[in-house]
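We have chain A; now place chain B onto it with these hints.
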Amino acid sequence: MQRAAKLLWQSASVVAIEARTPTVKSFFFRLAQPVSFIAGQHMDVRLTASDGYEAQRSYSIASAPEKTEYIELAVERLQDGEVSPFFHQTVAVGDQIELRGPIGGHFIWSVEDGGPVLLAGGGSGVVPLVCMLRHRAARASAVPAVLVYSARTAADLIFGEELRVLRARRDGFHFIPTLTRETTPPPGFRVGRIDAELLSDALACLPASPKIAFVCGTNAFVETAADALLGLGIPATTIRTERYGG
Amino acid sequence: MATRGFNGRDRSAAAGRPDRLPPGQFVTIDFPVLSAGPTPHVALEEWSFTVRVGPRAIKSWSWRDFVRLPISSVTRDIHCVTKWSKFDTTWEGVNIQDLLADTALEVPTEFALAHSYDGYSTNVPVKDLLGGRAMIAIAYDGKPIAAEHGGPARLLVPHLYFWKSAKWVKALQFTERDEAGFWELRGYHMYGDPWREQRYSGD
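In the order they appear, the protein sequences are chains A and B. Here our numbering is used: position 66 in the first sequence is 66, and no number is missing along the way. Here our numbering is used: position 100 in the second sequence is 100, and no number is missing along the way.
Watch out, some of these pointers could steer you wrong.
Pairs of lysine to any residue residues, derived as SDA-like cross-links and limited to a Cα-Cα distance of at most 25 Å, are as follows [claimed, not checked]:
1) B:K143 - A:T218
2) A:K211 - B:K143
3) B:K86 - A:R46
4) B:K86 - A:P85
5) A:K6 - B:G132
6) B:K170 - B:G132
7) B:K83 - A:V35
8) B:K83 - A:K67
9) A:K67 - B:R186
10) A:K25 - A:V93
11) A:K6 - B:E197
12) A:K67 - A:Q33
13) A:K25 - A:K211
14) B:K127 - B:P23
15) A:K25 - B:P32
16) A:K25 - B:A2
17) B:K170 - B:A104
18) A:K211 - A:T178
19) A:K211 - B:D178
20) B:K83 - A:T90
21) B:K127 - B:V107
22) B:K83 - A:S141
23) B:K86 - A:G52
24) B:K86 - A:E18
25) A:K6 - B:H159
26) A:K6 - A:G114
27) A:K6 - B:P23
28) A:K6 - B:D178
29) A:K6 - B:D88
30) A:K67 - A:G114
31) B:K86 - A:E54
The hints are simulated quantities; they were obtained by calculation from the structure and are not laboratory data. Source: prediction; values computed, not measured.
For reference, chain A alone in the conformation it holds in the complex (with noise of 0.2 Å):
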């Protein structure tokens, strides 16, 4: 059983700030004392008013575990949002921010986990999935891996560059990204929301059936898929999900 010492609030650096899409902003953090994390944990935040009031939220880390250097937490900007409007709007290189983790013992994965795995993202979802793609090429693995990812359009993919050099390098990782808010994709991409035959699409990839499936999106999204898994004959305790927001 996991007795760990208590996770101590600490302050970051803000060392770089990179637009990914038109809502979403990568913030790289370097900390005072780095901590070692595994593929898929999160990070809290914290932030402080004058008066004393707090906000906290939780954001998964985006670099890979091998990064040592810094952690990026990818920030999607929500409509009515209190910290992520913060974050786009005001913090600016060279503040402080608290953070404190690694959390989260069950959305995780290594190299050494092993495969074949299948991940399933919508939208800011993606970023947990992405630091494990980031770790496994990291580790030079040769897992058998295969992302389906579900964005609104071309422009609001993030990572997509990232993750399109990570398929050329044909290791055994498949990219299928699809797009819910357009009509005449970019070649190399699908239309349409996730559904049963996409993700029959992506296990096809896969030499044997997955070891392990990760999903995270919004509800909507992660019940869409993780029911469409379940129906394409994956058993229920090798699906593992995580849901952003209501």
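The following block gives chain B in isolation, referenced to the frame of chain A:
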């Protein structure tokens, strides 16, 4: 440490009742869904609920029998470890002490584990289950509980973080020791009091 430029949103959602919002939480009017795996869909004809002491099954109820137990109604605030809180949620179900009365069991041990149809489990001290503080809920907001929110029945322990309110519950097991459940084995707190911000082990 104050965060440069951060004022926080309008606090009116919690205005007049800051005493109802535990530290680090925010108020939502939605009902977010968080689950570790796919949603199980359990038919009422196949549903049953069992009370165990250690490995020993003491009594099981079919859905028909279960809903004939005394039904109580509560309105409570709920607090999820992922930071959202929802005020004034209304539930109906069978209080744990009424369930125990139907088994004719005295309180057998100090600890309990709730078990779910998807293999999930979570631990709660028995004193936190008694005195009207916890129920096996079968209705939310006057309607059957939707599968994604834990229907047909979920444990409701609203004074603890909501992962303790196990969805798709099928058994309550009394245990001699405080045995960690699913999330408690994965870094989350053994007790989970939102007012003491017991989110993770060590908090």
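Okay, the hints, checked on the actual structure:
1. B:K143 - A:T218: Since the Cα atoms of B:K143 and A:T218 sit roughly 24 Å apart, the hinted pair holds (cutoff 25 Å).
2. A:K211 - B:K143: 38 Å, violated
3. B:K86 - A:R46: The given pair, whose Cα atoms are some 20 Å apart, holds under the 25 Å limit.
4. B:K86 - A:P85: 22 Å, holds
5. A:K6 - B:G132: Violated, at about 32 Å.
6. B:K170 - B:G132: Between B:K170 and B:G132 the Cα gap is close to 20 Å, so the pair holds against 25 Å.
7. B:K83 - A:V35: 22 Å, holds
8. B:K83 - A:K67: Outside the cut-off at roughly 28 Å; violated.
9. A:K67 - B:R186: Between A:K67 and B:R186 the Cα gap is close to 24 Å, so the pair holds against 25 Å.
10. A:K25 - A:V93: 13 Å, holds
11. A:K6 - B:E197: Holds, because 12 Å separates the two Cα atoms, which is no more than 25 Å.
12. A:K67 - A:Q33: OK: A:K67 and A:Q33 at ~14 Å, within 25 Å.
13. A:K25 - A:K211: 32 Å, violated
14. B:K127 - B:P23: Holds, at roughly 24 Å.
15. A:K25 - B:P32: 24 Å, holds
16. A:K25 - B:A2: 23 Å, holds
17. B:K170 - B:A104: Roughly 19 Å separates the two Cα atoms, so the pair holds.
18. A:K211 - A:T178: Holds, at roughly 23 Å.
19. A:K211 - B:D178: 32 Å, violated
20. B:K83 - A:T90: 22 Å, holds
21. B:K127 - B:V107: Holds - the C-alpha atoms of B:V107 and B:K127 are around 9 Å apart, at most 25 Å.
22. B:K83 - A:S141: Judged against 25 Å, a Cα distance of about 36 Å means the pair is violated.
23. B:K86 - A:G52: 22 Å, holds
24. B:K86 - A:E18: Roughly 34 Å separates the two Cα atoms, so the pair is violated.
25. A:K6 - B:H159: Holds, because 22 Å separates the two Cα atoms, which is no more than 25 Å.
26. A:K6 - A:G114: 30 Å, violated
27. A:K6 - B:P23: At roughly 17 Å apart (the allowed maximum being 25 Å), B:P23 and A:K6 satisfy the hint.
28. A:K6 - B:D178: Holds - the C-alpha atoms of B:D178 and A:K6 are around 20 Å apart, at most 25 Å.
29. A:K6 - B:D88: 32 Å, violated
30. A:K67 - A:G114: 21 Å, holds
31. B:K86 - A:E54: 17 Å, holds
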